[in-house]
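Let the hints inform the model, and build the full structure from the sequences given.
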Amino acid sequence: MRRVGRGIVSVSQQAGGILVLLAKILRRFFPPDIDYFEFKRNLHKMGNKSLFIVGLTAVFVGAIMVVQASVYVQQFSAYAFVGWGAGFVILRELGPILIALMFSGRVGANNTAELGTMVVTEQIDGLRALSIDPISYLIVPRFLSMILMLFALTVYGNIIALFGAAAFGQVMLGIEIRVFFSGVTTMLGPWDLWIGLIKSLAFGLIIALSSCYYGLAVRGGAPGVGRAVNSSVVASAVGIFVADYFLTFLVD
Amino acid sequence: MAAGARAASGEGARREPGRVHRFVEGLGTSAVDGARAARLFYSILIRTLYYSVRGRREKGAVLRAMYQIGNRSLFFITVVMGFIGMIMVYHSCTQVNRITGDLHLVGATFLQIVVRDFAASIGATMIATRVGAGIAAEIGSMVVTDQVDALRMCAAEPIDYLIVPRFKASVVMTTVLIVWSMAVMTVIGMLTAWGMFDVNPRIFWNTSMVDYRDLTMGLTKCLAFGAAIPIVSGYCGLTTFGGAEGVGWATTRAVVWSIFATILLNFVISTVGFYVFWA
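First to last, the sequence lines map onto chains U and V. The first sequence stops at residue 551 when you use the numbering used here, and every number in between is there. The second sequence stops at residue 572 when you use the numbering used here, and every number in between is there.
Careful: at least some of the hints might be erroneous.
Which residues of chain U face chain V? A partial, calculated answer using Cβ under 8 Å [unchecked claim]: (1) L318; (2) M401; (3) R526; (4) G538.
Since the hints were made in silico from the structure, they are not lab data. The model shown is predicted, which means the values in this text are computed figures rather than measured ones. Yeah, the Cβ is synthetic: ideal placement off N, Cα and C, and Gly gets one too.
Rendered as structure tokens:
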């Protein structure tokens, strides 16, 4: 009983902390108070440096979709539907989710670790002592660039995953790439693409908030940083799936 | 390009290195680093397998690791897999409604794909985030605070002491957690289909499409993912350097590469299984 109560209190504490952080971040937009160079540096660090791993993941995700579909395709010889099926799953669900999970592992965890190290080595207090607002100098640029870059990476990853699926369909099932893409374009509307991209914006928001919150809440040296990264990644993953569920209902 | 290369090779000692020179240099550095990392990873893999057969046995270490990996992830896994089950049933029912409107076989297909792939692949991604990050953070902080060197000084092999219990525990607990998440997804999916699309649970519970091939694939994936996650994240933890920031880096790498390892293994196992069983 006591353990359940303690769990509920700590979860609501974290949720409240995240909301307060969001309010603080939003207040920095009126009037805009954002460090431009830090923003640019973060865009490069979070976007360009993740291109390789996101691309690699996306290729395999596309290929796995075709492998999973191929059992049914051979059973019903539904070769024309592969483009539709793979495209639907990649654009609406798996593309945004898996790229967001990868992003939360690569960028979110790294961000938590960086902020946590700054907290542990008292650099944040140092900034405050120099009367530099840590939120507008450190947090807001990261927040903005994470949302923007996850969106951009989802577009890029979707493209790569579709090409991976098409190439693998050609190799494994002998479906012409032209047939695959005609399935994608005729049976899916622009809405299918937009839903995935809207989801990626929401996922970016969740990853940015949880990674910044847990980074700033670090306590107790190097093990503390490790624990913070762990809980930030877990919170982002839960947030991503819960948000995905509600968005799926909302947009339909 | 050619001129740059010639300049770089001929007079590189005096001039600033050209773009081609720097590119080749970067390529070589990353190739050497990659080869070194691959060799270390391979050595850790082999030593983990070796010591898990003939290493020393510490009482309770495996059980403690099992508790850390299994019981502590149970809530997280249940929540995530429940949501995934709802989303999957919702999508498949709406798509079937759009085309044929015959919801009879949704349950059977759902069960088949959950057993064959989805429970294992998504569950393992989640376990990789939760468990991989935990293992790397723990071992990484030990490395940073010189506890691993202390172990070596006491003639205790760190891999035998730190990775092997987690390896054994993870192989068992990943399988258990994935079987559990199959159950969660099935029940939640059944309820979703019943509540939102009026599919009777008795019709939904149709295991006629699940055969030995699907079970073999699902269980192979469980074992492979369960073995891969602790080794990859243990490798990332043992190669930690530099204080608190290093621990953060190690955790990041552990999450990224464990997720990638599960995706890659899923791809390999699915392809091989397709050619063995279905083609």
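Against the structure, the hints come out as follows:
no. : hint : result
1   : L318 : violated (20 Å)
2   : M401 : holds (6 Å)
3   : R526 : holds (6 Å)
4   : G538 : violated (10 Å)
In summary, the structure is inconsistent with hints 1 and 4 from the numbered list given earlier, while agreeing with the others.
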